[in-house]
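Enquirer: Each of the two chains sits in its own frame; use the hints to bring them together as a complex.
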Amino acid sequence: MDVKWINPFIEAFMHVMPQLGFQTIEKSAVTLGQGKIKSAGVIMNLGIVGELTGNVVYNIEMETAKGIASKMMMGMPVAELDEMAQSAISELSNMLTANASINFSKMDISTNISTPTLMYGTDFEVMVNMPKYVCVEMNADGLALQINVAVRSQ
Amino acid sequence: MSQNTSLSQRIVIVDDSPFSVSVLENILADLGHNVVGSADSLEQTIEVVENHQPDLVTMDMTIPGTDGLECTKAIKKRLPGTKVIIISSLKDEAMMKKAKEAGAEGYVQKPVDSEELGRVIDRLVNEERLLEKLNELGKLAFQESLMNNMNRIFGEKPVFQDPEETLSESQGISVVMGIIGAFSGRFVMDLSYASAEAVVKKMLKRETVPKDEVLNSAAELANMVAGNACSMINQINKLYALRLAPPTIYHGESLKLSTANLKGTTIVAKTSVGAMYLNYGFAKGEHMWM
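Note that the protein sequences, when read in sequence, are chains V and P.
For reference, each letter of the first sequence is one residue, going 1 to 154 in our numbering.
For reference, each letter of the second sequence is one residue, going 155 to 444 in our numbering.
Next comes chain P alone, as it looks inside the complex (with noise of 0.2 Å):
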């Protein structure tokens, strides 16, 4: 996922200092893209972004009459389809959550680090084919951790098989967590109740193992499949900086799992105390940030 994948982008450079505007223009042209204007104030940005109609901006924070915050809400006014960055010596929670506010989608900190930005605009170009990207290796990955930790935990490497259908129907445990970061998404871990006793008590070496405990267990084992897997991941390009919300634990005679809103990918592992299904899935959408 190297910054060249990234098509060429018609770009404005909107800031009001000329060295920072030269410094920008460097940069850009050494990734291949194409800075077609720049502006120092409001009524220029307006201007300038009307007449070259932009893919990309990149906006200084702060500008001699207005600021980067009331300029990109003009742009996006003009041009909601043009994307906008903030350039900013100044980096933290509030001014990056007005940013957003103002409908930028990134930020980029002074002194500008070449390859931070290319990853940011790469990002923004190539979200599909991240999206697409990252649902490949998730199956790679998922498959993995699992393999690992059924190895390291039972002693055995399960069988994977693609499902004839989509998880929908429980088998009896479903462990859910939420996972945020460049997409957000969800994994489920979904097992019979005597699959999850037997790999528990293997894990805790004892002969009876509780209900709860049981329950306990098998989300702590999802935990540590998800977790390695969204390791994985994120090693393999950080640019996906997934992070996993606590497990939720389902348990009953009569539970569904709704694909509605999101189907994602289901994978069964075969193992000798019975079948294990992962499903994952990730959706494009706003909270792609950083």
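So here's chain V without its partners, still in its complex pose (with noise of 0.2 Å):
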């Protein structure tokens, strides 16, 4: 796991989050994850095709994803993570994770995405199917989002 992978993901974190009118957006932290994924609450995970393989998952608590979703929504206040809330983080995640893809290209990678899949709960965790695997934790107008990349080159 080359850790020059993860710059695509922060930087389409910094190009989107302005987009949905986050205002103050950070890296907090780069770590080097081993093992399994603890379940913040909610889960997005897309997986990766093309001159990288892997995947991205996106780790948020509920509250997280539900102020994102709020903010997306147009400030519409968001008491559940109902079915259009989850729409609206699912759609987050592939935005971000798109654009990583496109910041790819820009280093002539080629990779292909699949659509998002979004688990929650109150007690899981995620196993990548790699051993070790990239953490980054970004924060935008005090909300936390961890970014853990898992790929590999072909």
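Just so you know, these hints were derived from the structure itself, not from any lab.
Quick caveat, the model's predicted, so the values are computed rather than measured.
Among the clues, some could well be false.
[Claimed, not checked] Computed list of lysine to aspartate or glutamate pairs in EDC-like fashion (alpha-carbon distance at most 20 Å, straight line):
| id | chain 1 | residue 1 | chain 2 | residue 2 |
| --- | --- | --- | --- | --- |
| 1 | P | K245 | V | D108 |
| 2 | P | K417 | P | D316 |
| 3 | V | K132 | P | E255 |
| 4 | P | K410 | V | E125 |
| 5 | P | K410 | V | E83 |
| 6 | V | K38 | P | D267 |
| 7 | P | K252 | V | D108 |
| 8 | V | K106 | P | E255 |
| 9 | V | K38 | P | D366 |
| 10 | V | K36 | P | E374 |
| 11 | V | K132 | P | E374 |
| 12 | P | K251 | V | E61 |
| 13 | V | K38 | P | D316 |
| 14 | V | K106 | P | D246 |
| 15 | P | K410 | V | E61 |
| 16 | P | K252 | V | E51 |
[Claimed, not checked] From the derived model, a few chain P residues whose C-beta atoms are all more than 12 Å from chain V:
| id | residue |
| --- | --- |
| 17 | E179 |
| 18 | V190 |
| 19 | D194 |
| 20 | L233 |
| 21 | E269 |
| 22 | L294 |
| 23 | A348 |
| 24 | K410 |
For each residue, glycine too, the CB sits at the ideal point set by N, CA and C.
Expert: What follows is the structure, encoded as structure tokens:
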């Protein structure tokens, strides 16, 4: 797992979040992950195939998911992560990953992405199909989002 | 899914070589399409396309004073619904990327193979129908693949049922795999930990199997089921060109699968060690490209 492959995801976050109305976007930490990812409550997972193969796993708390969904829905209050809110944050993961894929193409790395899968619950873990992955903690207006990148070159 | 199933299209050819135009005209006529005009410059392209409002344009890459990308952008700006297929002697990733960014929907290499061009046109015309067909094929392919794999590993053929509702609450383990190809999608195999453990013990011929190995083996089973199913689909129609991302394994007491963005089709397989749920779905969209 090459660390240079995380930059397209960070740039995507920096680029997409302001378009949704977020103002202060920061990278708070980058760590090397190993073993299982403990879910914070809501996970969006997209497969990547091409010159890079793997998965990107977005991990957020339920309240954060609601906060982001509310922002994406023009400030409409989101009391529960209903179908509409699920659809909004699924779309967010799609936008972030599609944007990262464009960033990869600028590095002459061709990738395609799958549709997002959204899983949620109070107690679950996730295993990616790689021994090590990079975990990037991002922050948008105080809302924390963890991007786990597990890709390898073909 | 043969070429003659696509409806006759009104086509404009953009190419600066009269020879190429004539070759393409013949191929397209043989495929049952109607060539309504041709152009060899940016100005002429705009004029002909505005006059004829074609369904589709074949676009050469090298045109004096301009190029196929610029002409494609000019067409898309005026008639976003008109499909553009790039026809170029050069076909590499970088070029295809540029063509896609310019708005083209297809890319065919010169010298043009009639069958290939027919297939690409067919795809553009029949996207909706192809997706419907893929969902039908998917059911057969995933069922047969699970049946074969369970029979081989577990010596048992599961009985399939149409569930009353779509998979939304996990039984304990959900293996998720992204699908990429003419349509992007996802595949989920869901089963209880006890079911997975029973299958894995048999698969590995061992009395006890540690938890992580159960999870990894469940992922391997899902990988085989999805891999074989996608191969079957690709063999029936190579246009689908499905490929799989590596599996991600979800495990927990409280786990729900959202169906908000993609409902998909759920299949239930009853086995002696419990029910296995398969869910697959494909989305229409921008990934349709080759």
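Enquirer: Each hint should be assessed against the structure and marked as holding or not.
Expert: Evaluation of the provided hints:
no. : hint             : verdict
1   : P/K245 to V/D108 : holds (15 Å)
2   : P/K417 to P/D316 : holds (15 Å)
3   : V/K132 to P/E255 : violated (34 Å)
4   : P/K410 to V/E125 : holds (12 Å)
5   : P/K410 to V/E83  : holds (13 Å)
6   : V/K38 to P/D267  : violated (52 Å)
7   : P/K252 to V/D108 : holds (12 Å)
8   : V/K106 to P/E255 : holds (12 Å)
9   : V/K38 to P/D366  : holds (14 Å)
10  : V/K36 to P/E374  : holds (17 Å)
11  : V/K132 to P/E374 : holds (18 Å)
12  : P/K251 to V/E61  : violated (36 Å)
13  : V/K38 to P/D316  : violated (33 Å)
14  : V/K106 to P/D246 : holds (15 Å)
15  : P/K410 to V/E61  : holds (15 Å)
16  : P/K252 to V/E51  : holds (17 Å)
17  : E179             : holds (33 Å)
18  : V190             : holds (34 Å)
19  : D194             : holds (31 Å)
20  : L233             : holds (25 Å)
21  : E269             : holds (24 Å)
22  : L294             : holds (21 Å)
23  : A348             : holds (17 Å)
24  : K410             : violated (5 Å)
The structure shown violates the earlier hints numbered 3, 6, 12, 13, 24.
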